[in-house]
Amino acid sequence: VRKALGFLSSFRSTSGSDFLLKGITTLILASGSILILIPFLYMVSTSLKDPAQIRSDSTSLLPRKPETVDVNGTLEPLYRVTIDGQVREYALIKNIPGGLGQFVDPARPDVIHELRIRDQKQLYRWDVHWENYPEAINAMPFWRYLGNTLIVTFVGMAGMLFSCSLVAYGFSRFRARWLNLLFLLLLSTIMLPSQVRLLPMYILFQRLGWVDTLLPLIVPQFFANAYDVFLLRQFFMTIPLELDDAAKIDGANPLQILLYIILPQARPALVSVGIFHFLYAWNDFYEPLIFLHTSENWTLAVGLQTFDAIYTINTHLIMAVSVLMIVPPILLFFFSQRIFTQGVVFTGIKG
Amino acid sequence: MSLARREALAGYAFVVPWIIGFLIFTIGPMLASLYFSFTKYNIVDPPQWIGLANYEKAFSGIWDAIRTGDPRQFKDPLFWKSLQVTIYYASIALPLNLALSFFLAVLLNQKMRGINIWRTIYFLPSIIAGVAVTILWVRILNPRVGVLNPFLKDVLGVQNPPGWLSDPEWAVPALVLMGLWSVGGSMIIYLAGLQGVPTDLYDAAKVDGANAWQRFWNVTFPMMTPVLFYNLVLGMIATFQYFTQVYVATSNSLGGLGSPQHSTLFYNVYLYQNAFRYFDMGYASTLAWILFIIVLILTALIFRSSDAWVYYEGQLKGRG
Chain A
1 VRKALGFLSS FRSTSGSDFL LKGITTLILA SGSILILIPF LYMVSTSLKD PAQIRSDSTS
61 LLPRKPETVD VNGTLEPLYR VTIDGQVREY ALIKNIPGGL GQFVDPARPD VIHELRIRDQ
121 KQLYRWDVHW ENYPEAINAM PFWRYLGNTL IVTFVGMAGM LFSCSLVAYG FSRFRARWLN
181 LLFLLLLSTI MLPSQVRLLP MYILFQRLGW VDTLLPLIVP QFFANAYDVF LLRQFFMTIP
241 LELDDAAKID GANPLQILLY IILPQARPAL VSVGIFHFLY AWNDFYEPLI FLHTSENWTL
301 AVGLQTFDAI YTINTHLIMA VSVLMIVPPI LLFFFSQRIF TQGVVFTGIK G
Chain B
1 MSLARREALA GYAFVVPWII GFLIFTIGPM LASLYFSFTK YNIVDPPQWI GLANYEKAFS
61 GIWDAIRTGD PRQFKDPLFW KSLQVTIYYA SIALPLNLAL SFFLAVLLNQ KMRGINIWRT
121 IYFLPSIIAG VAVTILWVRI LNPRVGVLNP FLKDVLGVQN PPGWLSDPEW AVPALVLMGL
181 WSVGGSMIIY LAGLQGVPTD LYDAAKVDGA NAWQRFWNVT FPMMTPVLFY NLVLGMIATF
241 QYFTQVYVAT SNSLGGLGSP QHSTLFYNVY LYQNAFRYFD MGYASTLAWI LFIIVLILTA
301 LIFRSSDAWV YYEGQLKGRG
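If you're matching them up, the sequences are chains A and B in order. Mind the numbering: the first sequence is residues 1 to 351 in my numbering, read in order. Mind the numbering: the second sequence is residues 1 to 320 in my numbering, read in order.
The reader is advised that the hints may include incorrect statements.
[Said to hold, decoys possible] Think about it this way: if two alpha-carbon atoms lie no more than 27 Å apart in a straight line, the pair counts; the simulated BS3-like pairs of lysine-lysine are:
#1 K153/B / K65/A
#2 K75/B / K57/B
#3 K121/A / K153/B
#4 K22/A / K111/B
#5 K22/A / K206/B
If you're looking for bench data, these hints aren't it; they were derived computationally from the structure. For clarity, every value in this text was computed on a predicted model and none was experimentally measured.
Next comes chain A alone, as it looks inside the complex (with noise of 0.2 Å):
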C-alpha cells in the first residue's frame, strides 16, 4: 500500500501530473481526431469507387474490390483459410447454410473443404476510379459553377476589401459628432438577422432585372459590412498615429494616408478579412439558392446540391464533385494558417 501511495504522490510532483496530464490530453485529442477524419476519409474513399464497390463493400475506408480467382472458367473470391493449422489461399466456390462455405484450392479445383466463412479472411485489392472525377465533371457543367462562384467569391472580395478599407479608415481616424453613434449602428447590425430585409431586396433586385444575375450576390459587397470593418477599424487602431502626422506634413491628404501608410501596414488584416471572405462566399448556398434560378448562372454551392438531386444513386460522382468543392478551401487554411489564426485571435468573431 506504501509503495502504491508513493507511486501515486509521485504523480502529485508537478513534473509527474504534467506528464500524466499531457498523456491523457493527447489520448483524448488523437481519439476525437480520428471521429474528425473519418467522415473526410469516406468522403474521399467513395469519389474513387465504382457503383459495384460502394453497393457490396459500403462500409469500408478503402477503395478496394475482392480479389477473384478463375475456377473452372468463373471468377470467384479469394480467402485467406486456415486449413489444420496451415495458411492457405483458397477461393469460395459455394456458400451453404449455417454461414458456411465451400472453398477450393484454385489449383486443384476438386477438393472441396468445408469452412466457416466468417473466419477466414476475404483477400482484397486496391481498385481505384480515378476516371470518377472527369466523369463527374462532364455530367455537370462544373466550368461553369466553378467561373461563377469564382467571379461571386473575387469580385466581391475585391468590392468587400475596397469598401471596409475606406469605412474602417474613417471610422479609425477621425473625430465627429456622430461618427461614434453611427459605428454603434454599424455594429448592432451584426446580430441583426438577414431575413427581415432580405425579402424587400430580392423584391428590389426583381424590380432592377438583376434576379438569376450575379450581381445581387455581388453589388452589395461594395457598400461594406459590420464585420470586417469591425476587424480592419480594430487592426488601422494600432497603427502608430506618429506615422500619419509625418504624412500630413509632408503634404499628404487622408487618401494618401489611407493608401500610402495604412494600407501597406495592415496587409496582415486584409489578408484575413479576404480568406475569411472566400470561405464565406465559396461555401455560401442561402443566397444564391434564393436569387440564381436558371443552371447555367448557378454557383458550385448551388449546382452540387442539385446535382445531388439528380444523381442521387450516383453516390461516387457525388463526392467526388464534393471532394472537388473542398479542396480550395482546405489548401487555402494551410497556406495561410499562420495569418488565419491570427485574424481569428484578433477578432474572435465569424465562426
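Given the structure of chain A, go ahead and fit chain B onto it with the hints provided.
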C-alpha cells in the same frame, strides 16, 4: 473652414459607402418588410393592406391550443411547429456545442509538441461547412447504406440503431451530431480567448497554492465567461437562421423540405417556404419580423442575465 470641421467632413466622406449601403440594403428593406408584413403580397400583384391579419394568422388559437393541449387549435400549426423544432435543436445543440468546444479549447491550449497539428485537424471541418459536408453526412447517416449504423451495430453492439434523418424522432439529433463535427469553429474562438488570459493570474494562483483544477475554476473559467456569453448569443441567433443543412438533407427526400413529418421544419426553413415556394411575401415578412423580435428579446435577455455570471477583466481586477 476650420480644421476640426474639415476632419469631420473627411471622416463622414470615408464612411459614406457604408451609409449608402445601410440605407439601401438594411434600413430601407427593413421598413419595406415591416410594411409588407401588414399586406397580402405575391410579388406579381401590388401589395394589399390587410392590417394585422398576418400576425393574427401566426398567433391566433394559442389560448385554445394551450387550454386543450391540442396543436390543431392553432390557426397556423406549422408556425408553432417550426418554433418548437428550432428551440428543440437549440436546447440540445447549444449546450453540447458549448461544453465540447470549450473542453477541446482547454485541451488544445496546452503547450505540447505537435499541438498545432491537433488544432488544424479539429478546425478543418468548420472551414468547409455547407453543402458538401451535408451531402457527406446524409450518406454517412443513411440507415440502409451509410457507415455509421453498421459501426454502431457491429462495433458498439447497438441492437436497433436509429433511422437518423428518416426518423421524425431522430432527425434533429442527427442534425445535432452533424453540427458537432464542425465544433472547431467555436472551439477556435475559445482558444483565442484562453490565449488572452494573462499568465500572471496563473502565476499568482500558483503562488497561492492552487492546483490545476482550482486554477481552471477560479481563473480560466471566470476569464472566459465573456467568450462563452458571446458564443451563446451568436449560437442562438444562428439556430433561428439554420437553413442549408435542412435544405440539402430534406428537399430531395420523399416528404420534401422539413421532412419527415415536419420534424426538421426549422423557423428559417418555414420562412423560406412561405416566401419562395408559396410566394406569400406578406406572411413571410411577418415571420421575418417575428424572428427579428425574438432575436432582440433573446439578445436582451442574455445581456441582462450576463451580469450574474459574466466577468469582465476590469471587474476581476476590482475584486482581486
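Hints versus structure:
About 24 Å separates the Cα atoms of K153/B and K65/A, which keeps this hinted pair within 27 Å; it holds. Distance hint between K75/B and K57/B is fulfilled; the C-alpha atoms sit about 6 Å from each other, no more than 27 Å. Under the criterion of a C-alpha separation no larger than 27 Å, the hint pairing K121/A with K153/B is consistent with the structure, at around 21 Å. Distance check on the hinted pair: K22/A and K111/B sit about 9 Å apart at the alpha-carbon level, within 27 Å; holds.
Between the alpha carbons of K22/A and K206/B the distance comes to roughly 19 Å, so the proposed pair stays at or under 27 Å and holds.
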